[in-house]
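Undergrad: Protein chains in written order, with the working numbering: chain B, 1177 to 1424; chain P, 8 to 264.
Take the hints with a grain of salt, since some may be wrong.
Computed list of lysine-lysine pairs in DSSO-like fashion (alpha-carbon distance at most 30 Å, straight line) [claimed, not checked]:
hint : chain 1 : residue 1 : chain 2 : residue 2
1    : B       : Lys1333   : B       : Lys1362
2    : P       : Lys61     : B       : Lys1309
3    : B       : Lys1333   : P       : Lys53
4    : B       : Lys1309   : P       : Lys87
5    : B       : Lys1410   : B       : Lys1221
6    : B       : Lys1362   : B       : Lys1319
7    : B       : Lys1282   : B       : Lys1410
8    : B       : Lys1304   : B       : Lys1255
9    : B       : Lys1255   : P       : Lys61
10   : B       : Lys1304   : B       : Lys1410
11   : B       : Lys1221   : P       : Lys183
12   : P       : Lys53     : B       : Lys1319
13   : B       : Lys1255   : B       : Lys1333
14   : B       : Lys1349   : B       : Lys1309
15   : B       : Lys1221   : B       : Lys1282
16   : P       : Lys148    : B       : Lys1282
17   : B       : Lys1304   : B       : Lys1319
18   : B       : Lys1349   : B       : Lys1319
19   : B       : Lys1255   : B       : Lys1309
20   : B       : Lys1309   : B       : Lys1319
21   : B       : Lys1282   : B       : Lys1319
22   : B       : Lys1333   : B       : Lys1319
23   : B       : Lys1282   : B       : Lys1333
24   : P       : Lys53     : B       : Lys1282
25   : P       : Lys148    : B       : Lys1319
26   : B       : Lys1309   : P       : Lys53
Bear in mind the hints are in silico, worked out from the structure with no lab data behind them. Since the structure is predicted, the reported quantities are computational estimates derived from the model, not experimental observations.
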Amino acid sequence: MIQLTNLHKAFGSQNVLNGLSLTVPDGQITAIIGPSGEGKSVLLKHIIGLMQPDSGQIEIDGESIIGIRRSEMNRIREKFGMLFQNAALFDSMNVFENVAFPLQEKTSLSRDEIRTRVLSALEDVGLKNVEQKFTDELSGGMKKRVGLARALLLNPKIILFDEPTTGLDPIIKRAIHQLISETHAKFGFTAVVVSHEIPDIFDIAQNVAMLFRGEILQFGTADEIMNSTHPVVKQFISGSLDGPIQMV
Amino acid sequence: MISAAIRLIGHVTIVSVRELGRIGWFLIYSLYMIVRRPGSPLQILKQIRFIGAKSLFVIFLTAAFTGMVLGLQGFYTLTKFGSEGMLGSAVALSLIRELGPVLTALMVTGRAGSAITAEIGIMRITEQIDALETMALDPFKYLVTPKFIAAMLSLPLLCAIFDVVGIYGGWVVGVKLLGVNPGAYFYEMEKAVVWRDVYSGIVKSFSFGLIIAWIGCYKGYYAGHGAEGVSRATTESVVLTSVLILVWDYFLTSILL
């Protein structure tokens, strides 16, 4: 279980996280929604220890990750996979090498076993015959799929998705959402998905948290958030220009 | 007004001390990682190819013309004292003790140091370094230590090539064009150059290799946002490395002299 308690984070004079608390239930998909620039990606980076909060507590399965040694953090990170906003594939490697990389570095599997597992992971995300392509030869949707295959390969307990469908066309978006939903059903990981895709994200998430001004304004099931009467949540979901969320 | 000035001085001091701490920590951690997890031999070889082998052409060119200029200038000066026979030793000592290590390092800084910063900087801004960390892999093992090892191995070798090519550059001008006795050119050189001179050149270029990798990797690792951040980091890397090489050269020369 991921437990965030009273997190504060500021960049200079700008408070990004302002006393944020959130509990992410195990084995479910939790979506984090909220206006752009509210710190959703920053929140994900805190969860996986890429950033440290100014104050507050982050616990992964009951273990605090604040101020721990790098080796301890790496042990906890073994539980994670992450799909970055732009997939963060290694541009000096082809697709096969990208997906195989964590296996080569972290396991003692033979070449043949690695090959079998990489091809199977690529097939799981609907990719065939792309192993030799380099990342600049892939479309945005294909990059996300390769990133997902890489994230899934070590069977992580928790996967963080940072805007997995940003910049994709509606059909690819739907396909990626379906892929997240199917792989979740197959592997049973805990998923935290930062997304702007309203209302599509409600179709795959069991829980939704609304982040606003550095705090979780509302947390509930997808249905509860969809039917929320809170003016901020309501305005965000409807996409209305009138309401408490002001365009800067 | 006064309080604003004090605040500014305080801010600049804090930022500078923090930067110094970070750059110092980067070096210590890199050296620790070289001992503990130096990276795969293949990665180190790739970097030696990039930093060393691919710099050969520019080193040949620079060395040849540096040696030729030394031949010209040395002949002009030595003729005034009737000692043009000493040209070989003058060219060799200048190259082996000073110009070889420094010019090799400056050339490699321009060619490879800037590329190291740009490569790591782009990996930083495209979250590839974050991706390594999320896989519980230490980015230093893959990105930093192979470059340190490669630079520290390549620079002394490149410097040795620079010295030899430079000496022959001086020979072409001094002996073939200006008529210095070929026997005297090499005989005086053999007499004047001692192991200590060669040793000082090796120590210098080894430490310059460390500086190139250190600053190149550091500036890339902490590159700012976007293309502008990488561009700024690359410029800063080349300028800082070049200055550090010249400053460190002075101190090292005063120790090794």
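Undergrad: For each hint, tell me whether it holds in the structure or not.
TA: To see whether the hints hold, each was checked on the structure:
For the hint linking lysine 1333 of chain B to lysine 1362 of chain B, the alpha-carbon distance of about 12 Å falls within 30 Å, and the restraint holds. Proposed proximity of lysine 61 of chain P and lysine 1309 of chain B is supported: the alpha carbons are some 26 Å apart, at most 30 Å. Under the criterion of a C-alpha separation no larger than 30 Å, the hint pairing lysine 1333 of chain B with lysine 53 of chain P is inconsistent with the structure, at around 35 Å. About 67 Å separates the Cα atoms of lysine 1309 of chain B and lysine 87 of chain P, which puts this hinted pair outside 30 Å; it is violated.
Distance restraint check for lysine 1410 of chain B and lysine 1221 of chain B: the Cα-Cα separation of roughly 27 Å lies within the 30 Å cut-off, and the hinted pair is therefore satisfied. With a CA separation close to 21 Å, the supplied pair lysine 1362 of chain B and lysine 1319 of chain B stays within the 30 Å bound. For the hint pairing lysine 1282 of chain B with lysine 1410 of chain B, the CA-to-CA distance comes to about 45 Å; that exceeds 30 Å, so the pair is violated. Using a Cα cut-off of 30 Å, the hinted pair lysine 1304 of chain B and lysine 1255 of chain B holds, with the two alpha carbons roughly 27 Å apart.
Distance hint between lysine 1255 of chain B and lysine 61 of chain P is unfulfilled; the C-alpha atoms sit about 41 Å from each other, more than 30 Å. Proximity of lysine 1304 of chain B to lysine 1410 of chain B is assessed by CA-CA distance (about 42 Å); at most 30 Å being required, the pair is judged violated. With a C-alpha separation of about 67 Å, the suggested pair lysine 1221 of chain B and lysine 183 of chain P falls outside the 30 Å cut-off, and the hint is violated. Restraint check for lysine 53 of chain P and lysine 1319 of chain B: satisfied, since their Cα atoms lie roughly 26 Å apart, inside the 30 Å limit.
Distance restraint check for lysine 1255 of chain B and lysine 1333 of chain B: the Cα-Cα separation of roughly 5 Å lies within the 30 Å cut-off, and the hinted pair is therefore satisfied. A distance of roughly 22 Å separates the Cα atoms of lysine 1349 of chain B and lysine 1309 of chain B; the hinted pair therefore holds under the 30 Å criterion. Taken as a hint, the lysine 1221 of chain B and lysine 1282 of chain B pair is honoured in the structure, with Cα atoms around 22 Å apart against an allowance of 30 Å. With a C-alpha separation of about 13 Å, the suggested pair lysine 148 of chain P and lysine 1282 of chain B falls inside the 30 Å cut-off, and the hint holds.
For the hint pairing lysine 1304 of chain B with lysine 1319 of chain B, the CA-to-CA distance comes to about 13 Å; that is within 30 Å, so the pair holds. Our distance criterion of 30 Å between C-alpha atoms is met by lysine 1349 of chain B and lysine 1319 of chain B, whose separation comes to about 13 Å. The straight-line distance between the Cα atoms of lysine 1255 of chain B and lysine 1309 of chain B is roughly 29 Å, inside the 30 Å bound, and the hint therefore holds. Among the hinted pairs, lysine 1309 of chain B with lysine 1319 of chain B is consistent with the structure: their alpha-carbon atoms are about 11 Å apart, no more than 30 Å.
Annotation: proposed proximity of lysine 1282 of chain B to lysine 1319 of chain B holds, straight-line Cα distance about 23 Å (limit 30 Å). The suggested pairing of lysine 1333 of chain B with lysine 1319 of chain B holds, with an alpha-carbon distance near 22 Å, which does not exceed 30 Å. Using a Cα cut-off of 30 Å, the hinted pair lysine 1282 of chain B and lysine 1333 of chain B holds, with the two alpha carbons roughly 16 Å apart. At most 30 Å may separate the alpha-carbon atoms for a hinted pair to count; lysine 53 of chain P and lysine 1282 of chain B meet this at roughly 22 Å.
Of the supplied pair hints, the one linking lysine 148 of chain P and lysine 1319 of chain B holds, its CA atoms being roughly 25 Å apart against a limit of 30 Å. Of the pairs offered as hints, the one joining lysine 1309 of chain B and lysine 53 of chain P holds, with about 21 Å between alpha carbons and a cut-off of 30 Å not exceeded.
In terms of the numbered hints stated before, the structure departs from hints 3, 4, 7, 9, 10, 11, listed from lowest to highest.
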